[in-house]
Amino acid sequence: MAALEQRLIRPLYSLGRYALLLSKGFTSLGHFSVYRKNLIVQCGRVGIDSIPIVALAAAFSGAVTTVQTAYQLVSPFIPPSVIGAVVVPSLILELGAVVTGFILAGRVGARIAAELGTMRVTEQIDALEAMGLNSIGYLIVPRIMAGIIMFPVLYVTAVLVGVGGGLAAAVATDVVSTGEFIRGARENYLVFGPMFGLIKSFVFGFVITSISCYMGYYTEGGAEGVGRSTTQAAVISCVYILLSDLVLALVLL
Amino acid sequence: MICVENISKSFNGRAVLRDVSLEMQEGETLAIIGRSGSGKSVLMKHAIGLLQPDKGRVLVDGIDIGRISYRELRTVRRQFGVLFQGGALFDSMSAFDNVAFPIRTFTDSTEQQVRDRVLRCLDLVNLSDVGTKRPSELSGGMIKRVALARAVALEPRYILYDEPTSGLDPHTSTTINNLIKGLADQLDVTSIVVTHDMRSVLSIAHRVAFIHRTRMHWVGDIDALHRSEDRTLRAFVKANEYAIGHPAQAYS
Chain H
19 MAALEQRLIR PLYSLGRYAL LLSKGFTSLG HFSVYRKNLI VQCGRVGIDS IPIVALAAAF
79 SGAVTTVQTA YQLVSPFIPP SVIGAVVVPS LILELGAVVT GFILAGRVGA RIAAELGTMR
139 VTEQIDALEA MGLNSIGYLI VPRIMAGIIM FPVLYVTAVL VGVGGGLAAA VATDVVSTGE
199 FIRGARENYL VFGPMFGLIK SFVFGFVITS ISCYMGYYTE GGAEGVGRST TQAAVISCVY
259 ILLSDLVLAL VLL
Chain A
300 MICVENISKS FNGRAVLRDV SLEMQEGETL AIIGRSGSGK SVLMKHAIGL LQPDKGRVLV
360 DGIDIGRISY RELRTVRRQF GVLFQGGALF DSMSAFDNVA FPIRTFTDST EQQVRDRVLR
420 CLDLVNLSDV GTKRPSELSG GMIKRVALAR AVALEPRYIL YDEPTSGLDP HTSTTINNLI
480 KGLADQLDVT SIVVTHDMRS VLSIAHRVAF IHRTRMHWVG DIDALHRSED RTLRAFVKAN
540 EYAIGHPAQA YS
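Same order as they appear, the protein sequences are chains H and A.
Residues 19 to 271 in the numbering used here are what the first sequence lists, from first letter to last.
Residues 300 to 551 in the numbering used here are what the second sequence lists, from first letter to last.
Hints may contain errors.
Mimicking BS3-like on lysine-lysine, the simulated pairs with C-alpha atoms at most 25 Å apart in a straight line are [claimed, not checked]: (1) A/K432 x H/K55; (2) H/K42 x H/K55; (3) A/K537 x A/K480; (4) H/K42 x A/K354.
No wet-lab data here; the hints were simulated from the structure.
The model shown is predicted, which means the values in this text are computed figures rather than measured ones.
The task is simple: from the sequences and hints, build the whole structure.
Here is the structure:
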């Protein structure tokens with residue numbers, strides 16, 4: 019009975035604590051100059067430092083999607099431009115945001131949780147609080163803001179590089195010409211597509227950074243606790259990316 | 300003045316403090332002693348509002364810090380400097396930037412003023428030449444001294460020390476004890492030292508509070524400690540003397 023009660027109460031407790039963490043962070047921020055430098059640093063770590071891995075993953079996603087689409091669809095009855103018509107919207111609507119989200123859940127989410135977790139177990143967070151600083155505002159708000167600001171940038175990068183990768187794969191494997199690929203993409207271009215992708219990347223940025231901050235900030239129990247928080251941050255972020263992806267698709271499309 | 304009134308605290312159903320009361324007088328150095336896990340550090344964290352008691356209250360200059368807003372609590376905390384057990388230096392910053400951090404954050408000082416103040420603080424702890432080093436490049440004693448310099452950077456009214464000499468060799472421990480005593484005299488601050496090191500207690504404290512089995516067992520000044528017939532207190536002090544191999548005169 020106690021175990022069942024624990025199972026029911028624990029998620030509610032976590033949700034409440036997560037909401038309180040965010041409200042405490044954003045409602046008593048103090049002067050922006052205290053956080054400005056940290057925000058710039060976090061934008062670099064979350065965004066700029068992630069560009070190479072996001073670009074690499076996007077390029078391969080675009081290339082693989084192109085090759086597989088060609089394998090499935092190309093026949094004498096289907097025009098080759100269909101490849102462009104399938105690959106580009108796929109990247110804009112889904113792959114650009116989700117692939118970026120998964121990569122950043124591992125790269126950024128784990129890093130944030132490990133950093134904050136280590137600060138927690140070595141009493142650095144207590145030291146900030148003891149000085150009279152809002153540790154949540156100082157540590158968490160800049161990371162979440164950096165996620166919200168930089169994820170859309172990474173999404174755009176992923177889409178551009180992914181389309182480039184897809185086009186390069188199409189031309190290299192000689193399944194479709196550059197002109198046909200672009201013509202297919204333009205003919206099936208959805209005006210809302212990029213907006214939908216940007217909204218998703220904005221939401222994913224918030225989900226990944228806020229969950230990872232929560233996991234790291236409330237780390238308990240030394241090095242083992244830091245390891246646990248880091249793993250949970252990456253795993254839970256991925257789960258919530260999938261959930262929010264579905265919810266956004268149902269609501270917005 | 301800090302006043303702890305009848306506080307109790309439990310973690311996961313396990314009582315750590317029960318009905319503990321203590322007054323910390325202005326300008327004194329109070330040592331809180333007790334065995335490991337007796338709740339000394341928990342009591343210290345209550346004094347600054349890092350932990351909230353399950354029962355009871357903590358008054359800082361007459362203000363019940365459990366009943367004020369988070370913003371007001373942060374204002375109260377700025378009167379404190381805290382030396383944490385492991386130093387708690389920010390490992391992403393150099394020693395200089397660690398000491399400069401509270402000055403840059405809470406004052407409008409120019410960079411030159413910050414620099415002068417940091418160097419003065421590092422000089423206080425005899426470490427004026429380690430400014431560029433990261434915490435990972437410093438020894439345990441140096442970390443504590445840099446953390447001490449950071450704790451006094453904003454000239455606090457109260458300094459809390461959590462096990463300032465634990466894990467240090469006797470020579471470095473003596474240096475830290477001398478620093479605590481020197482800072483208390485120079486800066487005229489109220490110091491609260493959580494420790495189980497009786498040599499430290501005897502060299503720096505005016506008064507002693509002994510926590511035993513989650514309760515405040517004994518409070519008195521150093522003379523009273525020497526004269527005390529309390530068996531539990533005497534046993535604790537004796538055990539400590541045996542561990543450090545340096546008996547205090549009153550118990551030899």
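The hints, checked one at a time:
1. Among the hinted pairs, A/K432 with H/K55 is consistent with the structure: their alpha-carbon atoms are about 21 Å apart, no more than 25 Å.
2. With a CA separation close to 20 Å, the supplied pair H/K42 and H/K55 stays within the 25 Å bound.
3. Distance check on the hinted pair: A/K537 and A/K480 sit about 24 Å apart at the alpha-carbon level, within 25 Å; holds.
4. For the hint pairing H/K42 with A/K354, the CA-to-CA distance comes to about 24 Å; that is within 25 Å, so the pair holds.
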